[in-house]
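Chain by chain, the residues:
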Amino acid sequence: MSLVEIKQVTKDYQIGEVSVRALKDIELDIEKQSFVSFVGPSGSGKTTLLNLIGCLDKPSSGEVFVNGTPVNSFSNKEAAQFRGQHLGFIFQNFNLLPVLTTYENVEYPLIMVQNIPVGKRKERIMHYLEAVGMTDQKDKYPSQLSGGQKQRVAVARALVTDPKLVLADEPTANLDHATAFKVIKLMKQMQENLKTTFIFSTHDPKVVKEAEIIYTLEDGKLVDK
Amino acid sequence: MTSMLIIIGVVMVVVFSGVSVSFKSMMIGSITDSMLGHLQIHKKGYVSSIDNLPLHLNINEKGIKQLENIFEKHNDVIEAFSYRIKFGAMLSNFQETTNIRLTAVQPQMENAACPRLVERINGDIQDPDKFIEQGKIIIPENLANGLNLKSGDEVVLVANNKDGSVNGLSLKVSNVIEGIMGPSGRDGFIHINDAKTLLRINGEEINEVAIRLKNPDNLNGMNKLIANELSQFENKQNMPVFELHTWADLSPFSTIAAIVDLLIITIKMVLIAIVLISILNVMMMSVYERVNEIGTISAIGTLPSKILWLFMAEGFSLAIISTIVGNIIGVLAIFFINIAKFHFSFGRMKNILLETSIAPSEIISVSLIVIFIAVISSLQPALKASRMQPVDALRHV
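So the sequences go chain by chain: A and B.
In terms of numbering that gives the first Met the number 0, the first sequence has 76 at position 77, counting the first letter as 1, and numbering is strictly consecutive.
In terms of numbering that gives the first Met the number 0, the second sequence has 353 at position 354, counting the first letter as 1, and numbering is strictly consecutive.
The hints are simulated quantities; they were obtained by calculation from the structure and are not laboratory data.
Where hints are given, some of them may not hold.
Stated by the list, open to error - One-sided excerpt, in silico: chain B residues whose CB lies under 8 Å from chain A:
1. SER297
2. ALA298
3. GLY300
4. THR301
5. LYS305
Unchecked claim - Computed list of chain A residues with no C-beta within reach of chain B, every gap over 10 Å:
6. ASP11
7. VAL19
8. LYS23
9. GLY61
10. THR68
11. HIS126
12. GLY147
13. THR178
14. VAL207
15. GLU209
None of these values were measured; they are calculated from a predicted model.
Positions of the beta carbon are idealized from the N, C-alpha and C atoms, including for glycine.
When you get a sec, could you build the whole thing from the sequences and use the hints?
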């Protein structure tokens, strides 16, 4: 069974009185433990597709299955529960909580989402901080970290809950090329070590080479695999 | 800034409540303990014609016996009672004559019912239970000044008894008493036996009973209890024999007390407005400034209910901390007001020491109001945060 199944998905946005079709009849399957990239120019529908897979948005028509579960019928609460248990997110702007330290940012989903007891939390957090090379920076606040370091923390935060799938929307867009390459390498390494599925979107052709499977989108249509 | 506003509001309420409630209690205590007692019993219809000080509405021996039985039955709640005969008379110093209102009392009973009466009498009172002796009169201050009377001077009282005949009695001025509320006081005191002689009353007869309760805080409860007891006595026309009034029914200060209560409520309303607007404002801003963060925590799986509680907790914490700090500062302010020993005058009462205090129940009520309002005002922004769609919130810049 595929980890992600997308069947005839269409997504329309209503902008004022105008309806804009962001995705058109998307059909794709993503297997477990794969390292997948959605590529395409801005406005091609990469983020919309990731949002549908990530239960952040609902399709206008069609069906989305993640881990065998039809996610398009979820209520807000069910979607949040599903995301907390099965998905990890990495954002273009890192989206670390500015009032929390590196350690606390990684700890947040374990406390607020998975209710992991304090004893088990520390070991797990330190394991992931070590995996992304941020142990020494654990007491620093996001404002004291570089872009690459922030994204490493974001990778640790996404992985600390042991998700089946990590979704990364343009994770390298705000990084210089060298740092972007390192972050993608880190994600690839995590995917190999943890057997977690990664889906990331990018329009950077150098970064996309690291992906095992590349889906190309144009004007909301899947044009190439 | 928000905390500061709430702290200032709480301090304002605590200090104002402390000062005004203490002032009110002091004034009420002064009135009840030196003049009215907590409750008064008269013959039905007496209070409506009290300005005339009628003698035909006296309570006779049978009525006194009935009242004594009630007092005996409820001696667990009644601390003391005093029989009085109030009447109007002419007072002469043999050169000038003026009118005077007299309260004739049995001094031991009066001192038990109104223990602070003797504080208002100028001069040395050796035994408060004998503050007025037979053959003597305590003159109100303004009459003493007007007629140039002093202790030891002889005066004559002339009064009509209830049959209309005029009688006179020669008395010696023992002391001078201050008017309690203002310069117009014309109330003097004589011994009840002298009143009986002057008014030609044979046997026991009174027209007022002042009652002092053991627990004045339960005034309304006691009022109902005794009114119920009194209702069993009816005259031949099946009308009640007695009427019962609280001090508030008889004193104009009850209006001032009501105004003080109204002011406290107004101040509390201002506090509520401060807390409501401050917390609503800060929470709205907090939600608006953190839309992206709300999107992030929602995306990584935080339940909407937890987001709601996160924001509610923020408003609640703000209120709790501000309330605690405000209460501490307020109580300290009251403490320092007491140390500073402020004095003030009210009516004829001079140099009154302002002894402020705040009841724990008042602090609790202020705290509960602030916390309740904080929770209410946090609710709308918290609901807004919890209902945000993560996909929209993440797009917010």
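Evaluation of the provided hints:
Interface restraint check for SER297/B: the shortest CB-CB distance to chain A comes to about 6 Å, inside 8 Å, so the restraint holds. Against a cut-off of 8 Å between C-beta atoms, the interface hint on ALA298/B holds, since the closest Cβ of chain A lies about 5 Å away. Hint status for GLY300/B relative to chain A: holds, with the closest Cβ pair at about 2 Å, below 8 Å. Look at THR301/B: its Cβ gets to within about 5 Å of chain A, closer than 8 Å, so that hint holds up.
Among the interface hints, the one on LYS305/B holds; its C-beta lies about 6 Å from the nearest C-beta in chain A, closer than the 8 Å criterion. Distance check for ASP11/A against chain B: the nearest CB is about 14 Å away, which clears 10 Å, and the non-interface claim stands. The beta carbon of VAL19/A sits about 15 Å from the closest Cβ of chain B, which is more than 10 Å, so the claim that it is off the interface holds. Residue placement check: LYS23/A keeps its beta carbon more than 10 Å from all beta carbons of chain B (closest about 19 Å).
For GLY61/A, the condition that its CB be more than 10 Å from all CB atoms of chain B holds, with the nearest at approximately 17 Å. Every CB of chain B lies more than 10 Å from the CB of THR68/A, the least distance being 15 Å, so the non-interface label holds. Its beta-carbon lying about 18 Å from the closest one in chain B, HIS126/A satisfies the requirement of being farther than 10 Å from that chain. The non-interface label for GLY147/A is consistent with chain B: the shortest C-beta to C-beta separation is roughly 19 Å, beyond 10 Å.
Listed as a non-interface residue, THR178/A keeps its Cβ farther than 10 Å from every Cβ of chain B; the least gap is roughly 21 Å. The beta carbon of VAL207/A is kept farther than 10 Å from every beta carbon of chain B, the shortest such distance being approximately 23 Å. The non-interface label for GLU209/A is consistent with chain B: the shortest C-beta to C-beta separation is roughly 24 Å, beyond 10 Å.
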